[in-house]
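Protein sequence lines correspond, in order, to chains A and B. Numbering of the first sequence is given in this note's numbering, commencing with residue 54 and proceeding in unit increments. Numbering of the second sequence is given in this note's numbering, commencing with residue 6 and proceeding in unit increments.
What the hints contain is simulated information worked out from the structure, not anything from laboratory work. Note that this is a predicted model, so its numbers are computed, not measured. Do not take every clue at face value.
In silico negatives: residues of chain A with every beta carbon more than 12 Å from chain B [claimed, not checked]:
#1 Asp58
#2 Gln97
#3 Asn162
#4 Lys184
#5 Lys209
Computed beta-carbon distance windows for the label pairs [claimed, not checked]:
#6 A:Lys202 / B:Ala115: 30 to 36 Å
#7 A:Glu83 / B:Ala115: 25 to 31 Å
#8 B:Leu82 / A:Arg98: 42 to 48 Å
#9 A:Ser156 / B:Gln126: 15 to 21 Å
#10 B:Glu125 / A:Glu136: 31 to 37 Å
#11 A:Glu91 / B:Ser61: 28 to 34 Å
#12 B:Glu125 / A:Lys139: 33 to 39 Å
Even for Gly, the Cβ is constructed at its ideal location relative to N, Cα and C.
Read off the chains here:
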Amino acid sequence: MEFSDVERKMLAVLQDGLPDTLRPYEDAAERIGIETDELLTILQRWKQQGRLRRIGAIVNHFKVGLGAGAMVVWQAQSDRSEEVGKILAGFEEVSHAYERDISENWLYNIYTMVHGATAEDVQNTVERMSKACGVTEYRLLVTERELKKVAPKYIKESLK
Amino acid sequence: MDKLDCRILQALQNDFPLSPKPYEILAHKLQVPFEQLWDRVQQLKAEGVIRRIGVSLDSRKLGFASTLAAVSIEPGLVERAAKIIGRFPEVTHSYLRKDNFNIWFTLIAADEEKIGHILEQIRSALSLESSQVLNLPMKRLFKLNARFNVSS
Numbered sequence: 054m055e056f057s058d059v060e061r062k063m064l065a066v067l068q069d070g071l072p073d074t075l076r077p078y079e080d081a082a083e084r085i086g087i088e089t090d091e092l093l094t095i096l097q098r099w100k101q102q103g104r105l106r107r108i109g110a111i112v113n114h115f116k117v118g119l120g121a122g123a124m125v126v127w128q129a130q131s132d133r134s135e136e137v138g139k140i141l142a143g144f145e146e147v148s149h150a151y152e153r154d155i156s157e158n159w160l161y162n163i164y165t166m167v168h169g170a171t172a173e174d175v176q177n178t179v180e181r182m183s184k185a186c187g188v189t190e191y192r193l194l195v196t197e198r199e200l201k202k203v204a205p206k207y208i209k210e211s212l213k
Numbered sequence: 006m007d008k009l010d011c012r013i014l015q016a017l018q019n020d021f022p023l024s025p026k027p028y029e030i031l032a033h034k035l036q037v038p039f040e041q042l043w044d045r046v047q048q049l050k051a052e053g054v055i056r057r058i059g060v061s062l063d064s065r066k067l068g069f070a071s072t073l074a075a076v077s078i079e080p081g082l083v084e085r086a087a088k089i090i091g092r093f094p095e096v097t098h099s100y101l102r103k104d105n106f107n108i109w110f111t112l113i114a115a116d117e118e119k120i121g122h123i124l125e126q127i128r129s130a131l132s133l134e135s136s137q138v139l140n141l142p143m144k145r146l147f148k149l150n151a152r153f154n155v156s157s
């Protein structure tokens, strides 16, 4: 990957999130060593290019009443994977939906993250999802515990 | 959490303004006095409801490779395995799940070769067979919306 010096510094500063301050862009720009306007301009450009998905609060979903969650994996026929993925992505209880490569000892190709207040809610949602997409070969992998959650580290050296 | 907290959380999760004074803009949008908004935001952070104001980047568009991986670990060895896996800075999220494949984690690295190398290191550190490690790179994204509907 080719980044300019400014972009590398931006990644190093922003990969852990915006500073926890009243003027987060101003403070981030100062750490990067550029003007606030320049930082905002580059972020706008990254957004247009699709490099920047979103800036926003990362909410701890356990603390907002969505304590139950499961990764549900589906074995969709390969010629139906797009259709099935789109149907499942349409459920509001689903935060993530992907198609992934299969492995010889793991034949599931569609992955969804399903959230709910209780395990029973999640189970009910999954049953509705199965009916909607017509896939009955699925597996519910209940989340027992978060072991690690950090922001991706794109740049190893931290400028902070 | 009251109604105002929920409205603030909802607004903060959606597009955080790209502007020199983002919190003033949010206060205006929500029709709340700025000081009140700022106090509530600080409180939600202190309570751990807001983990951080994240900058979510598309690692692929930035030129990085990523994958979802899983390993099958005996129940008694989970803690040790979690530590070994978590030590890699390329591992961003890791969860314990109820399944034969019980530790699931996401990896972001410079390229696929590097990812393969890290998985091999993990495999050998945990004395696993290749069949006990899954490498499941993404083929297609249908939805990515880690925003939650918050109600009081």
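Quick rundown of the hints versus the structure:
1. Asp58: 16 Å, holds
2. Gln97: 6 Å, violated
3. Asn162: Since the minimum Cβ distance to chain B is about 8 Å, A:Asn162 lies within 12 Å and the statement is violated.
4. Lys184: 18 Å, holds
5. Lys209: About 7 Å separates A:Lys209 from the closest Cβ of chain B, which leaves it inside 12 Å; violated.
6. A:Lys202 / B:Ala115: 30 to 36 Å: 22 Å, violated
7. A:Glu83 / B:Ala115: 25 to 31 Å: Between A:Glu83 and B:Ala115, where Cβ atoms are some 29 Å apart, the hint holds.
8. B:Leu82 / A:Arg98: 42 to 48 Å: With a Cβ separation near 47 Å, B:Leu82 and A:Arg98 satisfy 42 to 48 Å, so the hint holds.
9. A:Ser156 / B:Gln126: 15 to 21 Å: 19 Å, holds
10. B:Glu125 / A:Glu136: 31 to 37 Å: 36 Å, holds
11. A:Glu91 / B:Ser61: 28 to 34 Å: 21 Å, violated
12. B:Glu125 / A:Lys139: 33 to 39 Å: 35 Å, holds
Hint check: violations occur at hints 2, 3, 5, 6, 11; the rest are consistent with the structure.
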